[in-house]
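Enquirer: For reference, the chains in residue letters:
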Amino acid sequence: MNTRGADEAGALETLGRSSGPASLILSSLADGPKHGYALTKDIESFAGVRVAPGTLYEALSRLEAHGMIEAVESQDRRRPYRLTATGATALSTYLQAQRKVAEVGLRRLAGSWALT
Amino acid sequence: MTPSEPASAPVDRAEDSGTGRDAPKTRRLLLWYPRAWRARYGDEFAELLAADLADLGPGWRRSANIAVSGLRTRLAGAGLTGHPLDSAAAARAGLAMVAACGGAAALAGAAMWAQLAIGLQWSVAHERGITEAMALMSAALLVLPVLALLAAAPVAWAALAAAVRGQGRQFRWPAALITAGLVVLVIGGRHFENGWPGTGGHLLVHQGLVPGGVAAFGWATTMWITTYWVHPAALAAFPATQLGWMLVSPAATGCVLTGAMKLIRRVELSPRAFRYQTRVANVALAGLAVFLSGALSWLLSAGGGSAPLFRAGAIDRAGFAVLALAVLTGAVAVRQARAAARSGLAEAAATTRR
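Each protein sequence line maps, in turn, to chains A and B. Going by the numbering used here, 110 is the number at position 110 of the first sequence; the sequence numbering is gapless. Going by the numbering used here, 290 is the number at position 290 of the second sequence; the sequence numbering is gapless.
Certain hints may be false.
[Unchecked claim] Now the in silico label distances, taken between C-beta atoms and shown as ranges: (1) A:Ala47 <-> B:Leu300: 49 to 59 Å; (2) A:Glu70 <-> B:Arg275: 23 to 33 Å; (3) B:Arg279 <-> A:Glu73: 42 to 52 Å; (4) A:Glu73 <-> B:Arg317: 53 to 63 Å; (5) B:Leu31 <-> A:Glu44: 23 to 33 Å; (6) B:Arg317 <-> A:Ala47: 47 to 57 Å.
Hint data in this document are derived by calculation from the structure and do not stem from the laboratory. For each residue, glycine too, the CB sits at the ideal point set by N, CA and C.
This is chain A alone, in the form it adopts within the complex:
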């Protein structure tokens, strides 16, 4: 078992084409458990995109397989999901990297184009 492998296992990039929707799902779950439809509406409200059902559940199943989210016991057919510690760490790492890119981009835009 190498440490690098373990680190990679907790990275959103390992989810391939699902890493985009996965970051939205993890961000949505960061404030508490939600089921599929609630996730769709929440993501639509904060990101302005409506994640299609197939894409949403493809990402959900991969996130669950990677231990980044887990299903919450429910009597309802709409099963809620919650973030795990692995998922929270992965999201934090991903968002910090994104923030660094955003800060550099905005700083350069401000310097060269006077845009903020």
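Assemble the complex: chain A is given as a structure, and chain B must be docked to it using the hints.
Expert: Using the frame of chain A, we list chain B on its own:
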């Protein structure tokens, strides 16, 4: 790390959407996904679909998205794309897919090789490409069965070990399929190889390359791979027993392949045995690539100037396409199986660290 348990986000129209009115549509859409996926996510996915339909109404984009996602999930279940539910299962599915590709390639290859061997029993090939093709194809065919045995041995051992531990129930059906298929193929193949058209050919120097008995057996077991199926009048002239064999032998081959795939999917291999299997698979793929280059050499050489016995027909070109597809698919499956196995190990390491 865990936040206090907040309430679920508001669920407006989903509350009253239910699944009643749209139930037939959601059920149809769910069929794009494999059974295991439906068993795990079916109910909640149907709820989401019903709510989404209530929100946005019917639309082809949603259907297309679900179809693509469902097919990708099925491909993942077959070990050809990422891993859907379980890394270990995906790794085994990848290996099973490699076995299926190897089987398909072996069938197509044996049919082509046996036909070329018939030509070489009766005539001297003047085109260098044809003799080179035979050499390459024969060399590859010599190595591939050895590799198949090397790959089968650890799987059979692991299944036997599990059976000794009293966990062999799950292997009974695959083992019965493999055994029944092999028995039929060996008995039938041995019987029908007597009708090999290469029998009685001239004693030519180059025939040392071609073990006649093996070619005859290969011909007999792949007799059903023929364009005679689209010429019913010609097919009707075949003896009834031969026609029967042409129907039974593909079914027997299917039994062997299905049994092998089921066995590989069910057997628990150690990480070391898994690495060994992927290495054997890579060598086998290289062997198949050599076979493929030989087959290509034949197809390119066997033009209008060739003796009729060496001319490649539509079935040979189709066989080449199957071989090429099997090699490509097998390569993808090996890569996915290794990725899934690595991911499984990494997940286990992450779990341990947690």
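Enquirer: Next step is simple, just say for each hint if it's right about the structure.
Expert: Taking the hints in turn, this is what the structure says about them:
Between Ala47 of chain A and Leu300 of chain B the C-beta distance comes to about 55 Å, which sits within the given range of 49 to 59 Å. About 30 Å separates the C-beta atoms of Glu70 of chain A and Arg275 of chain B, a value consistent with the hinted range of 23 to 33 Å. Remark: the range hint 42 to 52 Å for Arg279 of chain B to Glu73 of chain A is upheld by a beta-carbon distance near 43 Å. Between Glu73 of chain A and Arg317 of chain B the Cβ separation comes to about 57 Å, which falls inside the hinted range of 53 to 63 Å.
For the pair Leu31 of chain B and Glu44 of chain A, the beta carbons lie near 27 Å from each other, so the given range of 23 to 33 Å is met. A beta carbon spacing of about 51 Å between Arg317 of chain B and Ala47 of chain A agrees with the range 47 to 57 Å that was offered as a hint.
Every hint from the earlier list agrees with this structure, and none is contradicted.
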